[in-house]
Each structure stands twice: as C-alpha cells, then as structure tokens.
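Engineer: Starting from the known structure of chain G, arrange chain C on it as the hints suggest.
Here the protein sequences come in this chain order: G and C. According to this note's numbering, the first sequence is numbered sequentially starting from 36. According to this note's numbering, the second sequence is numbered sequentially starting from 21.
Just so you know, these hints were derived from the structure itself, not from any lab. One thing to keep in mind: the hints can contain errors.
[Said to hold, decoys possible] Here are the simulated lysine-lysine pairs, DSSO-like style, with alpha carbons at most 30 Å apart:
hint	chain 1	residue 1	chain 2	residue 2
1	G	Lys135	C	Lys23
2	G	Lys135	C	Lys38
3	C	Lys33	C	Lys91
4	C	Lys90	G	Lys77
5	C	Lys33	G	Lys77
6	G	Lys93	C	Lys23
7	G	Lys135	G	Lys104
8	C	Lys75	G	Lys77
9	G	Lys77	C	Lys77
10	G	Lys135	C	Lys73
11	G	Lys92	G	Lys77
12	G	Lys77	C	Lys91
13	C	Lys38	G	Lys77
14	G	Lys94	C	Lys23
15	C	Lys23	G	Lys92
16	C	Lys75	G	Lys135
17	C	Lys73	C	Lys23
18	C	Lys77	G	Lys135
19	G	Lys77	C	Lys23
20	C	Lys90	C	Lys38
21	C	Lys90	G	Lys135
22	C	Lys91	G	Lys135
[Unchecked claim] Interface residues of chain G toward chain C, partial, derived using beta-carbon atoms under 8 Å:
hint	residue
23	Val39
24	His69
25	Lys77
26	Ala81
27	Gly133
28	Gly134
29	Lys135
30	Leu136
31	Gly139
32	Gln140
33	Gly141
[To be verified] With the C-beta cut set under 10 Å, the calculated list includes, among others, these residues of chain G facing chain C:
hint	residue
34	Tyr66
35	Ala126
36	Lys128
In this text, a Cβ means the ideal position worked out from N, Cα and C, and glycines have one as well.
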Amino acid sequence: ILNVEQSPQSLHVQEGDSTNFTCSFPSSNFYALHWYRWETAKSPEALFVMTLNGDEKKKGRISATLNTKEGYSYLYIKGSQPEDSATYLCAFKARNQGGKLIFGQGTELSVKP
Amino acid sequence: DVKVTQSSRYLVKRTGEKVFLECVQDMDHENMFWYRQDPGLGLRLIYFSYDVKMKEKGDIPEGYSVSREKKERFSLILESASTNQTSMYLCASSLVGFRGGRGSPYSNQPQHFGDGTRLSIL
Chain G
36 ILNVEQSPQS LHVQEGDSTN FTCSFPSSNF YALHWYRWET AKSPEALFVM
86 TLNGDEKKKG RISATLNTKE GYSYLYIKGS QPEDSATYLC AFKARNQGGK
136 LIFGQGTELS VKP
Chain C
21 DVKVTQSSRY LVKRTGEKVF LECVQDMDHE NMFWYRQDPG LGLRLIYFSY
71 DVKMKEKGDI PEGYSVSREK KERFSLILES ASTNQTSMYL CASSLVGFRG
121 GRGSPYSNQP QHFGDGTRLS IL
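Here chain G stands alone, though its shape is the one from the complex (with noise of 0.2 Å):
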C-alpha cells in the first residue's frame, strides 16, 4: 500500500507570516505530484502538477519544489494572507498503480489577520 504523508496536519500563522508544508511518498516508481487547495464550502482546485526531480513552480506567492530521488515536496507560501486559509493536499502518482493518485491527508492552514 502506498503512503503519502504531509505534515504539519495543521498550522496556525499570522498574516504577513511565510510558511511551509512537507509531502513525503515514496520514491520508488515515481510518475507525478499534484498540489491542491481545497477552501471550506469549495471544491479542490489545482495547484501544481510536478513530474521532474528538482522541479520548482510558482503561482503568485505560492511555490513548490519537488525531490523525487528522496520522496518529498515542498509547499511554500510567502506572506500569508487570510485568503489563503484552506486545506493543501498533495497527490502521488506512480507508474504502477493504473494511474491512481494517491492522496495525502492534508495540512490545513489558519492564517489570523
């Protein structure tokens, strides 16, 4: 059974705070790595997709880098905003699995104006 983790499971910040958040999954038989926000009372909306070892993307103050040889990415956000609150999850894809994601349980973000 595949396993993906992402931590810290919750985090609290202020506005104008940076934060980050880890996803670890395995790093054998790698295929992709999705990001994704999911607000409260909204649907899950895409992030980033990320299939190369070393690859960093932005999207506004949002980045993410990605770690495939050691099984982690990163998730970064600069300056949070209350905005910003929601759950991330990560999502693993392998080349074995008949193109399944695999998702993590989440890090759910309070960012406190």
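Structural biologist: Just chain C, lined up with the frame of chain G:
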C-alpha cells in the same frame, strides 16, 4: 473554466436504499473519478473511468458501483446504503494522457473537482 457539477450538495438517505450520485463535466474530459473524504483520512478513490463504458476499481470499491454511459456523466451507485457510507463524496475529471498512441489514465493533467455531496445514511 472546467465545470464539474454534482447533482446534490447534501443528501439524506436510509439504510438499505439504493442511492445514485450524479456527476457531469462540461470539458470533454476522458477521465472521471469518484472519491470519498472522511475526517482524518485523505481522499480515497472509489472508482474511476478513462473512457465511456470503462471502469476501474479504486482503493475502496466495496459496496459501490459506477456507470459511464456518456462521456460527460459518471454516476456512483450505492447498491444498498449503509451507515458506514456516510461521507463527503467528490467527483473529478481530467484529460486523458497518451501512451503508445492510445488513451491512458497516465495523464499529467490536473484533476478538476466538483463541490462535493455530503451524504448521510440514517
């Protein structure tokens, strides 16, 4: 923008009932997925489909079936609802990838999700 529409936001059913959850997407995506989300657990895949009339079991298919008669619609069926199927159900779609010139679920396209159906089985 891709629109994935789930038929109900909230649904209450009784134990033993046959329950249908409907999902429609408007972007001609080949891949469609059904997940459930429970507290403390990540999204878990129930079934997916990467073509009309095709279906593949996910990680927790027991007690569920699916139907994909048209490309845009993917239905999840609870054959005989039980209380342990009380959950948030999410539908998603994505473009198919290609391997060897044939459609493949190995897509590097992101998944697009519906708003979810919170199903309670009493």
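Engineer: For each hint, tell me whether it holds in the structure or not.
Structural biologist: Taking the hints in turn, this is what the structure says about them:
no.	hint	in the structure
1	G:Lys135 / C:Lys23	21 Å, holds
2	G:Lys135 / C:Lys38	27 Å, holds
3	C:Lys33 / C:Lys91	28 Å, holds
4	C:Lys90 / G:Lys77	26 Å, holds
5	C:Lys33 / G:Lys77	23 Å, holds
6	G:Lys93 / C:Lys23	24 Å, holds
7	G:Lys135 / G:Lys104	20 Å, holds
8	C:Lys75 / G:Lys77	27 Å, holds
9	G:Lys77 / C:Lys77	26 Å, holds
10	G:Lys135 / C:Lys73	18 Å, holds
11	G:Lys92 / G:Lys77	24 Å, holds
12	G:Lys77 / C:Lys91	24 Å, holds
13	C:Lys38 / G:Lys77	27 Å, holds
14	G:Lys94 / C:Lys23	21 Å, holds
15	C:Lys23 / G:Lys92	25 Å, holds
16	C:Lys75 / G:Lys135	13 Å, holds
17	C:Lys73 / C:Lys23	21 Å, holds
18	C:Lys77 / G:Lys135	10 Å, holds
19	G:Lys77 / C:Lys23	13 Å, holds
20	C:Lys90 / C:Lys38	21 Å, holds
21	C:Lys90 / G:Lys135	21 Å, holds
22	C:Lys91 / G:Lys135	19 Å, holds
23	Val39	7 Å, holds
24	His69	6 Å, holds
25	Lys77	7 Å, holds
26	Ala81	3 Å, holds
27	Gly133	6 Å, holds
28	Gly134	3 Å, holds
29	Lys135	6 Å, holds
30	Leu136	7 Å, holds
31	Gly139	5 Å, holds
32	Gln140	5 Å, holds
33	Gly141	7 Å, holds
34	Tyr66	7 Å, holds
35	Ala126	8 Å, holds
36	Lys128	8 Å, holds
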